[in-house]
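Trainee: These protein sequence lines map, in sequence, to chains E and F. Residue 193 in the numbering used here sits at position 187 of the first sequence, and the numbers go up by one each step. Residue 63 in the numbering used here sits at position 44 of the second sequence, and the numbers go up by one each step.
Keep in mind the hints are simulated off the structure, nothing from the lab. Incorrect hints may appear among the rest.
Here are the computed lysine-lysine pairs in the DSBU-like style, where the Cα-Cα straight-line distance is at most 35 Å [said to hold, decoys possible]:
{"hint": "1", "chain 1": "E", "residue 1": "Lys228", "chain 2": "F", "residue 2": "Lys127"}
{"hint": "2", "chain 1": "E", "residue 1": "Lys85", "chain 2": "F", "residue 2": "Lys202"}
{"hint": "3", "chain 1": "E", "residue 1": "Lys74", "chain 2": "E", "residue 2": "Lys85"}
{"hint": "4", "chain 1": "F", "residue 1": "Lys127", "chain 2": "E", "residue 2": "Lys17"}
Some chain F residues flagged as far from chain E (calculated, every beta-carbon gap over 10 Å) [what the hints assert, rightly or not]:
{"hint": "5", "residue": "Trp52"}
{"hint": "6", "residue": "Trp92"}
{"hint": "7", "residue": "Leu124"}
{"hint": "8", "residue": "Pro138"}
{"hint": "9", "residue": "Leu139"}
{"hint": "10", "residue": "Gln147"}
{"hint": "11", "residue": "Val151"}
{"hint": "12", "residue": "Ser165"}
{"hint": "13", "residue": "Gln169"}
{"hint": "14", "residue": "Phe197"}
{"hint": "15", "residue": "Gly203"}
{"hint": "16", "residue": "Leu204"}
{"hint": "17", "residue": "Leu207"}
{"hint": "18", "residue": "Tyr211"}
{"hint": "19", "residue": "Phe217"}
{"hint": "20", "residue": "Ser222"}
The model shown is predicted, which means the values in this text are computed figures rather than measured ones. Ideal placement from N, C-alpha and C gives every residue a C-beta, glycine not left out.
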Amino acid sequence: MKILLTGLNHKTAPVELRERLAIAPENLAAETQALLSHPGIREGLILSTCNRVEVLICHDGDDPELSKYLNQHFSIDEKTLQPHLYAYRDAEAVRHLFRVASSLDSMVVGEPQILGQVKESYSAARSVGAVGPALERLLQSAFTAAKKVRSETLIGASSVSIASVAVDLARKIFGSLEGKRVLLVGAGKMSELAARHLMQQGARSLLIANRTHERAVRMAQKFEAHVVRFDDLYARADEADILITSTGSPEFLIRTPHAQQFLHRRRNRPMFLIDIAVPRDIDPEINRLEGIFLYDIDDLQSVAASNLASRSSEAMRAEAILEQEVVRFQKRVEVLDVVPTLVDLQTAAEEMRQAELRRNHGRLRSLTPSQLEVIESITRGLMNKFLHQPLQTLKAAAREGDTAAVELIRSAFQRQGGREDAGNAAQEQSAPDADAPPAESAGKSGEPESLISKH
Amino acid sequence: MLADAHRWMPAGMHEVQSMLALLITTAFLLILWRYRTLSFGVFALPLALLLTVVPSLGLDKYAFKSPMIRSGWLFVHITGLLSAYAALIFSLTASLLYLIQERRLKNKRSPGFLNWLPPLETMDQIAQTTLVLGFCGLTIGLFAGSLIAQEIYGARYFADPKIWLSFLMWGLYVVLLFVRRSKGLRGLRAVYISSLVFLAMLSVWAANVFSSVHRFSAP
Numbered sequence: 007m008k009i010l011l012t013g014l015n016h017k018t019a020p021v022e023l024r025e026r027l028a029i030a031p032e033n034l035a036a037e038t039q040a041l042l043s044h045p046g047i048r049e050g051l052i053l054s055t056c057n058r059v060e061v062l063i064c065h066d067g068d069d070p071e072l073s074k075y076l077n078q079h080f081s082i083d084e085k086t087l088q089p090h091l092y093a094y095r096d097a098e099a100v101r102h103l104f105r106v107a108s109s110l111d112s113m114v115v116g117e118p119q120i121l122g123q124v125k126e127s128y129s130a131a132r133s134v135g136a137v138g139p140a141l142e143r144l145l146q147s148a149f150t151a152a153k154k155v156r157s158e159t160l161i162g163a164s165s166v167s168i169a170s171v172a173v174d175l176a177r178k179i180f181g182s183l184e185g186k187r188v189l190l191v192g193a194g195k196m197s198e199l200a201a202r203h204l205m206q207q208g209a210r211s212l213l214i215a216n217r218t219h220e221r222a223v224r225m226a227q228k229f230e231a232h233v234v235r236f237d238d239l240y241a242r243a244d245e246a247d248i249l250i251t252s253t254g255s256p257e258f259l260i261r262t263p264h265a266q267q268f269l270h271r272r273r274n275r276p277m278f279l280i281d282i283a284v285p286r287d288i289d290p291e292i293n294r295l296e297g298i299f300l301y302d303i304d305d306l307q308s309v310a311a312s313n314l315a316s317r318s319s320e321a322m323r324a325e326a327i328l329e330q331e332v333v334r335f336q337k338r339v340e341v342l343d344v345v346p347t348l349v350d351l352q353t354a355a356e357e358m359r360q361a362e363l364r365r366n367h368g369r370l371r372s373l374t375p376s377q378l379e380v381i382e383s384i385t386r387g388l389m390n391k392f393l394h395q396p397l398q399t400l401k402a403a404a405r406e407g408d409t410a411a412v413e414l415i416r417s418a419f420q421r422q423g424g425r426e427d428a429g430n431a432a433q434e435q436s437a438p439d440a441d442a443p444p445a446e447s448a449g450k451s452g453e454p455e456s457l458i459s460k461h
Numbered sequence: 020m021l022a023d024a025h026r027w028m029p030a031g032m033h034e035v036q037s038m039l040a041l042l043i044t045t046a047f048l049l050i051l052w053r054y055r056t057l058s059f060g061v062f063a064l065p066l067a068l069l070l071t072v073v074p075s076l077g078l079d080k081y082a083f084k085s086p087m088i089r090s091g092w093l094f095v096h097i098t099g100l101l102s103a104y105a106a107l108i109f110s111l112t113a114s115l116l117y118l119i120q121e122r123r124l125k126n127k128r129s130p131g132f133l134n135w136l137p138p139l140e141t142m143d144q145i146a147q148t149t150l151v152l153g154f155c156g157l158t159i160g161l162f163a164g165s166l167i168a169q170e171i172y173g174a175r176y177f178a179d180p181k182i183w184l185s186f187l188m189w190g191l192y193v194v195l196l197f198v199r200r201s202k203g204l205r206g207l208r209a210v211y212i213s214s215l216v217f218l219a220m221l222s223v224w225a226a227n228v229f230s231s232v233h234r235f236s237a238p
């Protein structure tokens, strides 16, 4: 089973492209299912946030051409997409996923939302049966790694989220936030966080407008905010000094004429617009208007980048932790990869049988070929029966991810894990007794592989 | 310096410049105290230094020798006008800084060395407040000046280019204040208007050369 991770993020692609690829949360499950139907893909997961669209798959054999899948699926031609895509395989993919989950690859390093987003993708993929044992193991390890990074470094501690960047910018414009009014358009997690930050810094009141009125009401109760009906948005937006949009609208909600109206009614008092939606909600053109300060998610990044320096030492520590976690995961995968052990056990038993037969060669010389054949089949049958239960338990333990049991069974048979031993054993076996039927052992070793790969 | 000369009023160009420097520094300290921003020092203090140092390098060409210099009205006249100049200089500086900060926020690339700039709204408030204060100073100064002139010279005095320009400047100032207040002008347009008034102010200063009745060297 191979792991492949491909996609694009804020470092490789501009928001103009990311918003064309973005998948709405409610479509995530269906998209994952569609991905799974692509030939060659056994397990899959799609991560789509405002900063990245990534496809993580487990596959057998050659690379399924994922970039082609993306091209077709989002009707973006290959030339546009290709330069922005990255692809990581196996250990690289594991490392990348760990970095993403622990927010080291985030636009604002250390921001806490990304882990939740990865979890959402995971549960969406689970709901359509796209998560098998391999992905399950990978994601659980990623969650563990992320938690470890969070608890053992200060990466999330300093004020390092989109929200705090927004607060900093608001301060640059308005000085103190005392008495300022904030309007949230769209009730998302990110905007909620930004609003909370702004209120903590002294913003006076909060207005919430959301397409589903009930949701706005619910959120308003939490923040003691006022609800603005979505239809009244344009009529009342000028009341706000800071406007944060995060709706799922596919087209711009606020364009230049709207902003001109706002400014006119505000008598040119400046307005700070934050667009954290992907696709964007506010036409970037309006930033040309005097008195309008529009920041979209990419702009916040460049500001956040200047905060990065102070966190780089923590980020280094986090990277070191992740490196350990990646190694640990690889080891775990190796341990749980019981195929070599199965082969090893069988070849060792076969070796033993052959040795016994050879040792008794003299005494068996008097037997006829048909009698010899009976002995051959009895010994083989015995061997297989004896091995059957331990091998089944080993396979089951691997399936469950029970490394302790796997190690125990291995040590009971005095077998070490890892492919190397299996290779050596195979060589040792083939060297001394060339007369042993090679086809048979090959057939035996082929069997467990097919059993293993069923799950 | 003024105390040395035993009078509370600046007489002569050099002394006027020194007093302007003093007023600028005072304004800077007031802004520092009120808004806690040092940024204006970058512009104000070198200007004040220049206004103090340059006059001390040479003898004053334009000395104002008249028995009237001990009159309280004239003191009001000069102080009022000079504080208006100082306030206007600050207003223009604030508008310019506003413009720089605005461009910086718009372009979203933040070079670190500009981080010391105060927030936009503070800058706007400074520009507004200094404008209003300057207007008060200008009005008081002009009023006092007109009273003195009316008293001593009569209507003839008002036909001089420097006097016209002074009133023109006052008129411009009213327009600027009105426009800024009503439209909430900021940024580039505010800078245009401020610089226009500032230019008018400079020309009033320069008109000293053309004036026949209000030169510092006038008899």
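Trainee: All hints, please: hold or fail.
Mentor: Hint-by-hint comparison with the structure:
This hinted pair checks out: E:Lys228 and F:Lys127 have alpha carbons roughly 33 Å apart, not beyond 35 Å. For the proposed pair E:Lys85 and F:Lys202, the alpha carbon gap of about 50 Å is over 35 Å, so the pair is violated. This hinted pair checks out: E:Lys74 and E:Lys85 have alpha carbons roughly 11 Å apart, not beyond 35 Å. Restraint check for F:Lys127 and E:Lys17: satisfied, since their Cα atoms lie roughly 17 Å apart, inside the 35 Å limit.
Taking the minimum C-beta to C-beta distance to chain E, about 16 Å, the non-interface status of F:Trp52 holds against the 10 Å cut. Taking the minimum C-beta to C-beta distance to chain E, about 40 Å, the non-interface status of F:Trp92 holds against the 10 Å cut. The Cβ of F:Leu124 does not lie farther than 10 Å from every Cβ of chain E; its closest approach is about 5 Å, which violates its non-interface assignment. F:Pro138, annotated as away from the interface, has a beta carbon of chain E within 10 Å; the closest lies near 4 Å.
Listed as outside the interface, F:Leu139 is inconsistent with that label: its C-beta sits roughly 5 Å from the nearest C-beta of chain E, within the 10 Å cut-off. With a closest Cβ-Cβ approach of about 12 Å to chain E, F:Gln147 is found to remain outside the 10 Å limit, as its non-interface label requires. Even its closest Cβ contact with chain E, about 17 Å, leaves F:Val151 beyond 10 Å, as expected for a residue assigned away from the interface. With 10 Å as the threshold on Cβ separation, the claim that F:Ser165 sits away from chain E holds: the shortest Cβ distance comes to roughly 35 Å.
Listed as outside the interface, F:Gln169 is consistent with that label: its C-beta sits roughly 40 Å from the nearest C-beta of chain E, beyond the 10 Å cut-off. Once the 10 Å rule is applied to beta carbons, F:Phe197 is consistent with being away from chain E; the minimum gap is 13 Å. Against the 10 Å criterion, F:Gly203 falls within the reach of chain E, whose nearest CB is about 4 Å from its own CB. The claim that F:Leu204 is not at the interface with chain E is violated, since a C-beta of that chain comes within 10 Å of its own (minimum 7 Å).
Here F:Leu207 does not stay apart from chain E, with its beta-carbon only about 7 Å from theirs, under the 10 Å limit. Separation of F:Tyr211 from chain E is adequate, the least Cβ-Cβ distance of about 12 Å exceeding the 10 Å criterion. Its beta-carbon lying about 21 Å from the closest one in chain E, F:Phe217 satisfies the requirement of being farther than 10 Å from that chain. For F:Ser222, the shortest C-beta to C-beta distance to chain E comes to about 28 Å, beyond the 10 Å cut-off, and the non-interface label holds.
Checked against the numbered hints given earlier, this structure breaks hints 2, 7, 8, 9, 15, 16, 17; the rest are met.
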